[in-house]
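Visitor: Residue-level listing of the chains:
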Amino acid sequence: MDFCIQAFQIPRSIVSKGNLDSMSVLESFLIPKINFIDIPSGTDFNGWTVPNEWNLVSASLVSPNGEELIDLELSNLYVVVGSQSIDAIFELQELLSHIHTRSDLPTAIPYVTSYYSKTWGVCLPYSVVETLEAGDYRVRISTTSPPGVMRLGEIFIPGREDTEVFFSTYFCHPQMANNELSGPAVWMSLVNSLWKKSLRNELRYSYRFYIGPETIGAIHYLSLRRTEISKSIVAGYVLTCVGVDSDLVFMPSRYGMTLADRVAELALLNYEFKRSDFLKRGSDERQWCSPAINWPVCSVMTNKYHDYPEYHTSLDDLGFISEAGLSKSIKFYSEIIYILERNRIYINNNVGEPKLDSLGLYPNINKDGNTSHLEARNILNILNMLDGKTDTIQICKSLSLNFQEVESLLGRLHAAGVITL
Amino acid sequence: MDFCIQAFQIPRSIVSKGNLDSMSVLESFLIPKINFIDIPSGTDFNGWTVPNEWNLVSASLVSPNGEELIDLELSNLYVVVGSQSIDAIFELQELLSHIHTRSDLPTAIPYVTSYYSKTWGVCLPYSVVETLEAGDYRVRISTTSPPGVMRLGEIFIPGREDTEVFFSTYFCHPQMANNELSGPAVWMSLVNSLWKKSLRNELRYSYRFYIGPETIGAIHYLSLRRTEISKSIVAGYVLTCVGVDSDLVFMPSRYGMTLADRVAELALLNYEFKRSDFLKRGSDERQWCSPAINWPVCSVMTNKYHDYPEYHTSLDDLGFISEAGLSKSIKFYSEIIYILERNRIYINNNVGEPKLDSLGLYPNINKDGNTSHLEARNILNILNMLDGKTDTIQICKSLSLNFQEVESLLGRLHAAGVITL
Amino acid sequence: MDFCIQAFQIPRSIVSKGNLDSMSVLESFLIPKINFIDIPSGTDFNGWTVPNEWNLVSASLVSPNGEELIDLELSNLYVVVGSQSIDAIFELQELLSHIHTRSDLPTAIPYVTSYYSKTWGVCLPYSVVETLEAGDYRVRISTTSPPGVMRLGEIFIPGREDTEVFFSTYFCHPQMANNELSGPAVWMSLVNSLWKKSLRNELRYSYRFYIGPETIGAIHYLSLRRTEISKSIVAGYVLTCVGVDSDLVFMPSRYGMTLADRVAELALLNYEFKRSDFLKRGSDERQWCSPAINWPVCSVMTNKYHDYPEYHTSLDDLGFISEAGLSKSIKFYSEIIYILERNRIYINNNVGEPKLDSLGLYPNINKDGNTSHLEARNILNILNMLDGKTDTIQICKSLSLNFQEVESLLGRLHAAGVITL
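So the protein lines, in turn, are chains R, V and S.
FYI, full-length UniProt numbering numbers position 294 of the first sequence as 294, with every residue one higher than the one before it.
FYI, full-length UniProt numbering numbers position 71 of the second sequence as 71, with every residue one higher than the one before it.
FYI, full-length UniProt numbering numbers position 76 of the third sequence as 76, with every residue one higher than the one before it.
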């Protein structure tokens, strides 16, 4: 939450000084070093040209009666991101064609961008626009657009295996909390805890963390890393909208059924959640799951972009997210990692059932109603599933048992030499 | 409908002068040349021996009080098709064993055939038979059975590709309209319109049209063409019972799921229809879908053989079908052809999403509630499905979009160079 | 039932003189010779060491007022199977820790075993234990444990093909009827009837019958025969709990869908039955269906072990089973064998439909309402399914026809040369 507070008012876009500042704030919270990849303005990949910086210097909109309608101290959202500089006077009617509001949320300043066309615009609460009177309005917007760099960040945390788990989040929305800062906040927390485990050699998988502007950042990252990551990725998750203490929302991968989905679905059994449809996707899984990439990436959110009313407005602020919401997401993704790390395919090569009682895994006295039989029955059912194709997740699902219980029984069977990896 | 009127009273069977006459009427309505295949009586294939002609010369059944019960001017159906000549007097009781009626349809003359055994019979309305009095009846039936030919008709309309679409119908029932002439009428209409398109080089697929007696004709046609057609067929349809303005009936192919079925099922989404069961098949799909042939052939009817009461009786007459019914079927099969011709498998090989706004395919201003987003979302979802395995039909189904909308978006994406074939 | 009566009071365990005596009783009812496999005490396979004999010589438990609480003439179940010898006096409280009862069945003596740990115990009706008064109880149990042999029995009945059908049952519970003797009784009946058929060369498959102590016997049998049987088994059934005249219970194989399951499911269509879950398995399918063996073995019972209240108590006695129950199971498994023996994959290689009327398989007169059409329709539908992948069982299921009807039609088509094997 400290990070969210520090970064909230920094004006971010795709390329801007605000982005560099935000990355510095993020860096200050990280234990391991973050690797920055700076891509200069003008660099093109498949039509996605990195734009110049867009920095908002000042903005003013004065009504006929002299009232100032823009307060950048209050919110960066007053000016359409990407606006050009302007200093002009407009009749109300002409002005209105450059003003964006949300009539369904009268007090909200909407978040509007126009990255790829030359225009200008102002975003105001509907309640304000409604009361504007006829007359001359003076608009003064000052922006600068020098060449700069689009900064991506990457952290690689090595595990015992080369195969890797991928976590992505993004930095590009000015002054929003759930749909901007909650992702980096959870991301950073996972980075720091996995880093400690890596130092203690406790990680099976390697972990790769990526952050950059949504869409264009992800596509340029793919231009650099897709071959390498495609070879080693086993599962990935997009961290977005993870800051509210609410029921969870599951966004599956392209066709579902990847390891990433299966782990998420098992972890979700302990939570209230809704399943979304991949057709409703909206963050960087759009890139990771594009058909030529097709990574096993899905996403679990606390409340989904597009679906909560405060989305993309000034109401998505620091009061909208909470410590409890962030913690819930950190806990959930830690469970994801727990399952990923411990999921195994054991093989039971015994001719018939192994002799479990002499291994202390089966009751010695055999009589009906013996409640210790339930565990013995679970063990026998688990053993029957270990045909070299069935992983721990599948066992949990088939037997309606929780992961830790199955993992613990598998560990005991493995330790007793009854099953092999 | 003109064709149906001209052909209605011509006495057809498997082999007869009436069949040759009917083929001539058909020929007179066709723009392209029809290729006739004449198979002489006695020609055997797998037990199916082409019979001699069966021509009905005259028929009379006079009651004890001198009343004539048969009027061939009114209907060919009075005499069992395949009857031998006879001139004899019978007591009522003996006569009745040779009379066929339909007690459930008292005014109908049933259609009865006995192609492959030597007998004679008369078909009368139940309402007439009910009133017959005891006494002597004189039966005079005169038929001739000289050797002749079973005439099949075939038209091949070339397209840009060698792969072909197959349409079959049949000619063998005397004086019935829906279950006889509606099929050839629609068939002829499709022939003529596709022929014009072929001349303008507008056809992707080649089209093969076949007509002949049901069952034995189809089997002899298979004996001649199965190897050739099996190599090139992509989809086929049996045109039968397509003359009534009613809800449609879908008869799937052997196991369903062929391209023919998938196209038909997509087109049917715009119609009220019932799905029949392949086990209830009854026309030449019995041959095209036999296991050693297994062509991708299905059928869409306006009302299904066996299932409408007038089927195989004199009530299936020119008043039973209609211009509107025939037109509905012609329109439906034209939609089938439209979908077949334009169904494609495009590939999206872009790394991540392509840049659509600079191609005019995506809104420049990005704000919520922007209704132009719906199209953009459809485009992105379509792009995500183009993995080289998914055709236009599947996209329509997955996204619940209509074919023309998807085809149009795909065309724009293809024209913009964003996707490839 | 005679066999059950003769064998009921013989004290069986895993290894005991009672087992040898029981095998002799069984042998006396068999027409073919049974092959005995004797595995000496101490023989180990994968941790499963054949124990010494356990023979109960005498047992007495005298209450403070001199009452004898054990009557071995009445039941072998009074003493925990595997008990050591003891002669001692206990206070009631200490005694109770060695007494087993079933409070839910107050009059029942429970069946308790302790094969693999050194202890002793007495099983009494709860109604008796409830009334025991404080004071000194004298327990005297005399058992012997000399080395002996675990006897397995095997009968191989040759058929025309080397592939084999496997039937297993078990011998190891003292004095229980449904969950012990019903299995061997049905087993023996099937052996005798198949043997007669084998002598007349009427069997297609070979049949292998196995009997031995549950679990340890099956595992040692696998140690000897698994390679041989794995090569030739096409289907197998565990005969257990088959003595009661009740609805049937189906226990599928490991993943279901084997030939054994498919045959059983077809036969069950003529019976009231419940489907159990493989996770609830409890007899030697635990071994035959272990992942490294994975034989196609399932089981159909009259009432399932664990699920009927009398299970594993003295109430599972000769009055619990019946001649009608045993006969029902014999009839059911005879139907299984009937289907297995006659199930075939025919191929219809005809181009289109074969000419059935000249083969007497189709009505000569073709008119609607002709009820002989139903058979003709079935024939045509069967012919359409004969693509070289579809067996008789699948045809029955797809067309909702019974096995004998389909088999008969297939036989006629085959005799007529229309289809081939």
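Derived by calculation from the structure, the hints in this document are not laboratory data.
Please note that a few of the clues may not be correct.
Quick look at which bits of chain R chain S covers, simulated, 3 or more residues with Cβ under 8 Å [unchecked claim]:
| # | stretch |
| --- | --- |
| 1 | 231-245 |
| 2 | 349-358 |
Some chain S residues flagged as far from chain V (calculated, every beta-carbon gap over 12 Å) [as the list claims (entries may be wrong)]:
| # | residue |
| --- | --- |
| 3 | Asn46 |
| 4 | Pro106 |
| 5 | Arg160 |
| 6 | Phe278 |
| 7 | Asp317 |
| 8 | Ile330 |
| 9 | Asn349 |
| 10 | Asn384 |
Derived pair list, reagent style EDC-like, types lysine to aspartate or glutamate, alpha-carbon separation capped at 16 Å [to be verified]:
| # | chain 1 | residue 1 | chain 2 | residue 2 |
| --- | --- | --- | --- | --- |
| 11 | R | Lys118 | V | Asp357 |
| 12 | V | Lys118 | S | Asp357 |
| 13 | V | Lys328 | V | Glu405 |
Note that the Cβ used here is the ideal one computed from N, Cα and C, for glycine as well.
Visitor: Determine for every hint whether it applies to the structure shown.
Guide: Each hint, compared with the structure:
For the stretch 231-245 of chain R, the stated coverage by chain S is not satisfied: 0 residues place a CB nearer than 8 Å to a CB of that chain, which falls below the threshold of 3. Only when three residues or more bring their CB closer than 8 Å to a CB of chain S does the claim for the stretch 349-358 of chain R stand; here the count is 9, and the claim holds. Asparagine 46 (chain S), annotated as away from the interface, keeps every beta carbon of chain V farther than 12 Å; the closest lies near 46 Å. A cut-off of 12 Å between C-beta atoms confirms that proline 106 (chain S) is not in contact with chain V; the least separation is 58 Å.
Distance check for arginine 160 (chain S) against chain V: the nearest CB is about 28 Å away, which clears 12 Å, and the non-interface claim stands. For phenylalanine 278 (chain S), the requirement that its beta carbon stay farther than 12 Å from each beta carbon of chain V is met, with the minimum near 30 Å. For aspartate 317 (chain S), the non-interface assignment is confirmed: its Cβ lies about 51 Å from the closest Cβ of chain V, beyond the 12 Å cut-off. Residue-level check passed: isoleucine 330 (chain S) sits 36 Å from the nearest beta carbon of chain V, beyond 12 Å.
Separation of asparagine 349 (chain S) from chain V is inadequate, the least Cβ-Cβ distance of about 5 Å not exceeding the 12 Å criterion. The claim that asparagine 384 (chain S) lies off the interface is violated: its Cβ sits roughly 6 Å from the closest Cβ of chain V, which falls inside the 12 Å cut-off. With a CA separation close to 13 Å, the supplied pair lysine 118 (chain R) and aspartate 357 (chain V) stays within the 16 Å bound. About 13 Å separates the Cα atoms of lysine 118 (chain V) and aspartate 357 (chain S), which keeps this hinted pair within 16 Å; it holds.
Restraint check for lysine 328 (chain V) and glutamate 405 (chain V): the C-alpha separation of about 22 Å exceeds 16 Å, so the hint is violated.
Of the numbered hints stated above, those contradicted by the structure are hints 1, 9, 10 and 13, listed in ascending order.
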